[in-house]
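Visitor: Taken in sequence, the protein lines are chains A and B.
Note that the first sequence covers residues 9 to 198 in the numbering used here.
Note that the second sequence covers residues 1189 to 1640 in the numbering used here.
One should not assume that every hint holds.
[Claimed, not checked] Straight-line C-alpha distance at most 30 Å; calculated DSSO-like pairs for lysine-lysine:
1) A:Lys111 <-> A:Lys38
2) B:Lys1524 <-> A:Lys69
3) A:Lys38 <-> B:Lys1517
4) A:Lys59 <-> B:Lys1617
5) A:Lys38 <-> B:Lys1279
6) B:Lys1279 <-> A:Lys59
7) A:Lys59 <-> B:Lys1244
8) B:Lys1265 <-> B:Lys1279
9) B:Lys1517 <-> A:Lys168
10) A:Lys168 <-> B:Lys1265
11) A:Lys168 <-> B:Lys1617
12) A:Lys185 <-> A:Lys14
13) B:Lys1535 <-> A:Lys69
14) B:Lys1535 <-> A:Lys59
15) B:Lys1617 <-> A:Lys16
16) A:Lys38 <-> B:Lys1524
Since the hints were derived computationally from the structure, they do not count as laboratory data.
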Amino acid sequence: MVRQIKQKPMNWIERLYIFEAFRGLWTTLKHALRGLLRYETLPTVPYPEIKPEISRTYRAKHRLMLRPDGTPRCVACGMCATACPAHCIFLEAAPAEDGRIEKRVLRFDIDHLVCVFCGLCVEACPVDALRMDTCDTSYVFRKREDFVTPMYQLMSWDPKDYPQDDLQSQMAPGGTKNKQALDAWGLKVN
Amino acid sequence: MMEIIQSKHWVEWLITICKFGFAFVPVIFILLLIPLERRGAGFIQDRQGPNRSYFKIPYFGRIRLFGWVQNACDGLKLFFKENYSPSGVNKFIFSIAPAIPFAIVLISPCVIPWFAPMVFTMGDEVIRISGQTVDTEVGILLLFGLSSLSAFGAVLAGWASKSKYSLLGGLRTSAMTISYEVCLGLSIMGILLLVGSFRIDEIIAWQEANVWGIVAQPVAFFCFLIAMIAETGRAPFDVAEGEPELVAGFHTEYGAMQFGLFYMGEYSHIGINSILVACLFLGGYSVPFVTTETIQSNIGISLAVLCGIFVVAILAFLHLLYRYARWYKKSAASNKQVILREYSLYKILGWAAVVVFAVAGVASALFFHPQFTVIDGQPVYGIGVALGTALIHILVLLVKAIFFCWIWIWVRWTLPRFRYDHVMNLGWKVILNIALVNLVLTALIAKLLGGI
Ligand code: SF4
Ligand code: SF4
């Protein structure tokens, strides 16, 4: 459908420019006075000291979800690595000790210098083992190798930093739902 | 030689020589204007403006002076950069050009009256020291002549750089200076007609006796202001350095401190122009609603009021500081200690200044009623009063000038740049005609009402 936008022709007062200029000056004056007298209400924040609020739905640094006993939930199916357009997920699988699970993951690295934060890995994961809701947007290192985030770092998140209604996160060790989840999960099968 | 020296008393010589210090007022304005511009632009655009650089002092830690240090750092950077010029330029003109606008600015304050003439009696002779450094009949014409000379800097820079962009920028500057000089001159003709003199101190005296120029000649005021903004070559009239078309106009090829000189020349030009507008249309050094005689007969009280104004201003500033500090303490910032430590210095200084000014105000209200001062064994009548009045006058003039400086910045960050032909249209077809009509009407009305 073609939408036609009709532009209102300026009336003669507007065409004189000078009055409109004064209106513009008034607007900027209000902003300037706001900055001067109510400095703390400026929408910008002094960045590294005060972090901006980042929504949970923002695609930030990855994390690996945990089972109630603290092992990664990942079943090493490799779907995320397949889906990744940047080829920056490196994983190695091994036979799981837990009889209920076929494979476990030995190594799970994400190269965050290569990652384009598309979120396709999260979509691809069949067991919801990978998420990008850490709200961690600024991680700065001196060496390139440090940007390759290994598995233990992806797993080292704290359930206390996540909302209570995020049940999947609260089931991890340390979370509020961990005990019930452990009961339901059952004892470790050796 | 000795005759000249002995023709005046040393007190008179001292004051006369001190007046030369006023040549540096526009230069000092740069120090004020650059932070004002950068933070002001930030606030207008809902940003915070540059506020990061700091120097360290013991105990209080990082002192940022509300972003002022940043400008000092930038200046320092420009200062230590390599002077670079493209090959094939005319070296002499290329390096002399940036100095022209800046040098002009040091000369032009000489005709600005900074205070009402000081009159005091020394022994049995009355000594009168006028407010301007150069006491001349042509006054404002000299100032206009000097300030239009600064276009030479841009023109020569554009010509010497051997670059098309620079050349076009220089051409545009010269065209604009010529067109707006006409408007500038014609728009103040009305007020000159009413006053009947070119001397700025007489214009101010007239405004003090009657009404401010902005009331008597509102149309002329607007024409003059617009022409002034155009003459300094700042937005919305900065076609000479319009970056979408001309990279940076006449200073494209300049770097380091040569660029810095252009920059400083522009800012001090704003400074001198705002002082001029304040003189012509806002009563110059005259205090609103109070005559100089009232001030002089109650000099103690007047100084006390001045101190009171300082105290109120500092208290308002402290209020803002305290509120922001309280908010920062509650926020999630990671550098609270550093910032609050820095603010504690400002708080201490602020409260100290409040105490000093309060004490000084009370003291001057109670005790400062100088009948005479004894200098070299002979009584001098009225020198204390004269100096006090001069102080008040200078401060009043500076406050008015700073207000106009803010208008320059405010307009720049509000209005978009005009197209080049629009600038010319506005100059020749609109402002010039308005100024002419205004002049004729003023002459008519003055003739009919005043019979001047
Ligand atoms: S976010 Fe995109 S690029 Fe980054 S690891 Fe996941 S799939 Fe690969
Ligand atoms: S898709 Fe999920 S389960 Fe499969 S390897 Fe990736 S993270 Fe592990």
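Visitor: So, against the hints stated earlier in the document, which numbers end up violated here?
Guide: 1, 4, 5, 6, 10, 11, 12 and 13
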